[in-house]
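Student: Fit chain B with the ligands to the known structure of chain A by using the hints.
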Amino acid sequence: MRPSGISRFPLVRSALLVVVVWCAASFIYAPIFSVLRFAFAPGGDIGLGAIGELAGSRRVRTAIVNTFVVTGLSIITVNVIGIFQVAVLEYLKVGGRGFLRFAYSTPLIFVSVAAATGYGFVYGQNGTLTKLLQSVWPALPNDWFTGTLAVVFAHTFLLTSFHFLFLRAAIRRVDYSTVEAARGLGASSMEAFVRVVLPVLLPTIFATTLLVTYKSLGSFAIPSVLGGRRFDMVTELILTLNSLRRPDMAAMLSIGLGLAVILCIAAMQYVERRGSYVGGSKTPVPIERIRIASPVVNLAVHAAAYAIAVIQLVPIALVVLFSFAPARSIATEVLPSSFTLQNYVTVFSQSTAFVPLKNSLLMGASATMAGLMISLFVVNLAHRHTNVGTTSLDLSFMAPWILPVPFIAIGLILTYDEPNLLVANRVLLGGFWILPIGYAVVSIPIMMRFLRAAFFSLDPALNEAAQSLGAPAFYRFLRVTVPLVLPVMILITGMTLNVILSEYSMSAFLFNVNNKPLSIALFEGARSANPEQAAINLVYISLIMAFSLGIITLADRYGLGGGK
Amino acid sequence: MIELDEVSVRYGSHEAVRPMNLKIETGEFFTLLGPSGCGKTTILRAIAGFVPVASGRITIDGRDVTEIPAERRGVGMVFQNYALFPHMTVAENVAFGLKVARKSGKEISLAVNAVLEATGIERHGRKKPAELSGGQQQRVAIARSLVMGTRVLLFDEPLSNLDAKVREDMRHEIKRLQRDVGFTSVFVTHDQEEALSMSDRLLVINAGRAEQSGTARELYHSPATPFVCQFVGAANEIGRNLAQALGLDTARRHFVRPEHVALAREGDPHGVDATVADVDYLGSMTRVFLEALGEPLQCQVLSDPSVDQLAAGMSVKVNLSCERILSFDGPS
Ligand SMILES: Nc1ncnc2c1ncn2[C@@H]1O[C@H](COP(=O)(O)OP(=O)(O)O)[C@@H](O)[C@H]1O
Ligand SMILES: [Mg+2]
Chain A
1 MRPSGISRFP LVRSALLVVV VWCAASFIYA PIFSVLRFAF APGGDIGLGA IGELAGSRRV
61 RTAIVNTFVV TGLSIITVNV IGIFQVAVLE YLKVGGRGFL RFAYSTPLIF VSVAAATGYG
121 FVYGQNGTLT KLLQSVWPAL PNDWFTGTLA VVFAHTFLLT SFHFLFLRAA IRRVDYSTVE
181 AARGLGASSM EAFVRVVLPV LLPTIFATTL LVTYKSLGSF AIPSVLGGRR FDMVTELILT
241 LNSLRRPDMA AMLSIGLGLA VILCIAAMQY VERRGSYVGG SKTPVPIERI RIASPVVNLA
301 VHAAAYAIAV IQLVPIALVV LFSFAPARSI ATEVLPSSFT LQNYVTVFSQ STAFVPLKNS
361 LLMGASATMA GLMISLFVVN LAHRHTNVGT TSLDLSFMAP WILPVPFIAI GLILTYDEPN
421 LLVANRVLLG GFWILPIGYA VVSIPIMMRF LRAAFFSLDP ALNEAAQSLG APAFYRFLRV
481 TVPLVLPVMI LITGMTLNVI LSEYSMSAFL FNVNNKPLSI ALFEGARSAN PEQAAINLVY
541 ISLIMAFSLG IITLADRYGL GGGK
Chain B
1 MIELDEVSVR YGSHEAVRPM NLKIETGEFF TLLGPSGCGK TTILRAIAGF VPVASGRITI
61 DGRDVTEIPA ERRGVGMVFQ NYALFPHMTV AENVAFGLKV ARKSGKEISL AVNAVLEATG
121 IERHGRKKPA ELSGGQQQRV AIARSLVMGT RVLLFDEPLS NLDAKVREDM RHEIKRLQRD
181 VGFTSVFVTH DQEEALSMSD RLLVINAGRA EQSGTARELY HSPATPFVCQ FVGAANEIGR
241 NLAQALGLDT ARRHFVRPEH VALAREGDPH GVDATVADVD YLGSMTRVFL EALGEPLQCQ
301 VLSDPSVDQL AAGMSVKVNL SCERILSFDG PS
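In order, the protein sequences belong to chains A and B.
Residues in the first sequence are numbered from 1 upward in steps of one, following this note's numbering.
Residues in the second sequence are numbered from 1 upward in steps of one, following this note's numbering.
Bound-form chain A, shown alone (with noise of 0.2 angstroms):
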C-alpha cells in the first residue's frame, strides 16, 4: 500500500536483497557456525573435550576467578560512587553543581583503551600521581597500581555512565510530592531518600547494576593495559588461547561468555518488561533539591562530592595538559613547565604516527557507511512489510548485540584464516577489511535500534498528506522520510564512529600489520619507554575525546543521549 521509494526499481531491490542476505550468512552466521564446530567438535567429533581442558587449566581457572572477583567488586564500588553521584546531583543540594556534573560526565567520553591508557599514565611507574602519592609516602612501590586493585578502581570511576545517563532520567521522573509526604510524616531527608526515592530507583539501579555486570565480564582493554603482565580476564585469555594456536579452548570459552552475557541480557530484558514505577499520581511533581540539615554530614557529603570529581578530572587534565608539553617533560615533571604543539604536529605530519588514526578513521568510516546502509535497508524492509523473511532478516541482524566481541572475532577468524568460498576463495584474516567487518557487524545492532525509533515515531499520516498532494513514493521518500530521519542517520553515524576510533576488544582480536588502529597504537603506546611515544599517546587520548564530546553534545541537543 506505501510502496517505498526503492520498490519501483524492483531489479535494484533485489540485488540490495541479495547482498544483505549474503553479508548475514557469511559475516554473522557463518563465524557463529564455527565457533559452535571448533567448540564442540574440533577434530570432527563432536565432544565435550574443551571444556575439561578448560577446567584442568590453572591460568583459564584464574582468569575466570579474577573476572568474577573484578565483577563482583566493581558492581558494588560503581553502584556507591554512582547513586552517590546521582543523588549529589539530583537529590541534595550541592554547591558547584555545574562542574561536579560536568565531571561527572567524563566517563562518557573517556572510554575502552583511552581511559585506560590515561589512568597508566597518570597512576603508572612514572605517572605523576604515583610521584605525588611518593612525595607523601616513599615506601609506595613504582608499580603499585596493578592487578585486582587497578583494575576495580579504573571500573569504580569509569563505569559510573550509565548512572550517569539513566538513574538521573529515572530519578527526574520520581513524583516529589511522595518526597514531601515522607518528610511530613517526619522522615528526614536521608531517610525520605532511602524509604522512598530509592525503592521507586531500584528497576533502574538493577538495569544498571546488569550493564555493569555486562561491560565488566567483558572488560578487555583495562585490564589489559592496567591489570600487568600476569593478570588475566577471560577476554584477554581468550585471545592468548587462540595465540597458542587452541582454537577449540578458545571458542569454548568464549560461548561459556556469551552465555553469561545472554543471562545479563535476559535479566535486562525482564526488568525492563516488568517496568518501573512511574506515575501513581496525574500530576507528578518535579523533583527539588534538598538542602543536608547537618552541617556535618553537609561537609562531609561536599567532601566525597568533590573528591569524586577530582579523582575524575585528574587523568583527563593530566592527559590533555601533557599532551601540549614537549615530550621530554612527560617523565620528568609532575607538571608541565613548558607548551608546544610540537606533539600535535608529529602525529599529522610523520607517517608512523598518522598510520594508526588513518586507518581507524578509514575503517570507521566504511564500518559506519556499511552498517547504515544495511540498517537502512533492513530497517525499512521490516517496517513496511512485517513478514517472516523480513524479520528473521531483522533479528540475524540483532545477534550480535547479545554475543560478546570475542565470539564474534574467534568466529571470523576461525571461518576466514583458510581459503573461504563465501568470498570467493580468499582468506580475509591478515587482510585489511577483516577488522572493518567486525566492527560492522557489532555496530549494526545498535544503528538498527535507533533508526527503527526513529521509523516508529514517523506519523505515517505525513506520507499520506505527501502523496495526497500528488507526491510519488520516491519524492516521498526523499522530501519527507529522509529529511525526517536525517538527524538521527547523522548522529549514529557519529555515535558509531567514536566507538569504533577507540574500539579495543575486536581490534586486539582481528588487527595486523596492514590495519593497526588507533586503539592498538595506543595500546603498543603505553607499554613502550619511549617518551616520544607516550606523547604521541595523550595526543591521541585528546584527540579521541575530543571528537566524543563533540558526538555527544550534539546527540544531547537533538535528544538522543546515549543509546544502550
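It should be emphasised that the hints constitute simulated quantities derived from the structure, not laboratory data.
For clarity, every value in this text was computed on a predicted model and none was experimentally measured.
Take every hint as true, because none was put in to throw you off.
Here are some, though not all, of the chain B residues that point toward chain A, as calculated from beta-carbon distances under 7 angstroms:
| no. | residue |
| --- | --- |
| 1 | 50 |
| 2 | 70 |
| 3 | 71 |
| 4 | 77 |
| 5 | 79 |
| 6 | 83 |
| 7 | 87 |
| 8 | 96 |
| 9 | 97 |
| 10 | 100 |
Residues on chain A that point at chain B, a partial pick, calculated with CB under 10 angstroms:
| no. | residue |
| --- | --- |
| 11 | 459 |
| 12 | 462 |
| 13 | 465 |
| 14 | 466 |
| 15 | 468 |
| 16 | 470 |
| 17 | 471 |
| 18 | 476 |
| 19 | 479 |
| 20 | 480 |
| 21 | 483 |
| 22 | 484 |
Heads up, the beta-carbon is just placed ideally off N, CA and C, and yes, glycines get one too.
Tutor: Just chain B with the ligands now, with coordinates in the frame of chain A:
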C-alpha cells in the same frame, strides 16, 4: 460529485465497511457520523485512496478512481493531527504540492500567497508548524490542499484536538471557507452536535453499515432505524408497561424524544401517573427524570416557575401525543 457504489472495505477477514452506496453532491458539506470504531475513517481513506476497496466502485465527478493511486485522485485530506511537514515552513508546506507538480517558482509564490491570504495566515508563512496554534495549523492543512485547486476536501475529526472554545470558532471557520471557496467537504465526526450544526446532509453509520442519510432535520424527525433515533438527538425507549397503557403495538419498538413528553398536574384527567425521580436544572431548560409505571422516562421542558417547583418524590401526570411517537419494527 462523489459516488460510492456498493463499496466495501476489509481488513483481513474483518469487514470494516459493509457494501455501501453514497452520493455526495458538488459543493455540499457532507458528514459521516457514527460512534468510534464504526468505520468512518475507513470510508474517508477509501475515498482518498489510502485503503483499497474489497468490492464496488468509487467515482469522483464521473471519473472512476477505484484503481487510481492516492497521489492522482486530486482529493485533499485534512488529518486529525493535520500532518503538517514539521521540517518545512508554513509557506513550504503549502507550496509542496505545486513543487511536486513542477510549477514555476513565480507561479508557486503567487498561488501560495493568494491562498495564505484567503485562509488568513499570510503573516505566518515563514514560521514552522510547531509555532502555530491548533486553529492556525488547521488553516495551513486546508490551504495546502486548496492551493492545488482541489475541490474535494476530506476532514477526519479535525476538531477533536482543540478545546471547546476554539472548536466552536473552527467550525464556523471551516464553514466560511467552504462557502467562500465552494469546495465539497466530507467531514467525519462522532460528535452529533458538531455534525448537526455543520452539515448540509449526513450519513449515520453503525458497525460499518450505512443506517440513514439525509438532512439534519430529516434524521432528527424521521429516523429510519432505532439506532439513528437514539444516536441523533436524545430519545426515550418506551417500556412495555407504558406502551400497553398507551395502547401501542408491543411487538414493535417505540421511542419518544424528551421534549415531546408533556407534564401535567397530578389531578389532570388525561395522562399516565408518574413520579419525579430527579430534576436537572439546565438554565433555559429543565430535564426531569421520571418513573412511569415502573419504567424510566426523561422529559425536557422550558424552565418556568411551575417547573421550578418540581422536586424528587412528587407525583405528576405525563402525556405522550401519539404523532410524536417514533415506532420501528422489531422486538421491543
Ligand atoms: N489498519 C487497520 N487494520 C485492521 N483493522 C483496522 C484498521 N484500521 C481500522 N480497523 C478497524 O476497522 C474498524 C473501523 O475503524 P475506523 O474506520 O478507524 O473507525 P472510526 O474512524 O469510525 O473510529 C474498527 O473496528 C477498527 O478496529
Ligand atoms: Mg476515525
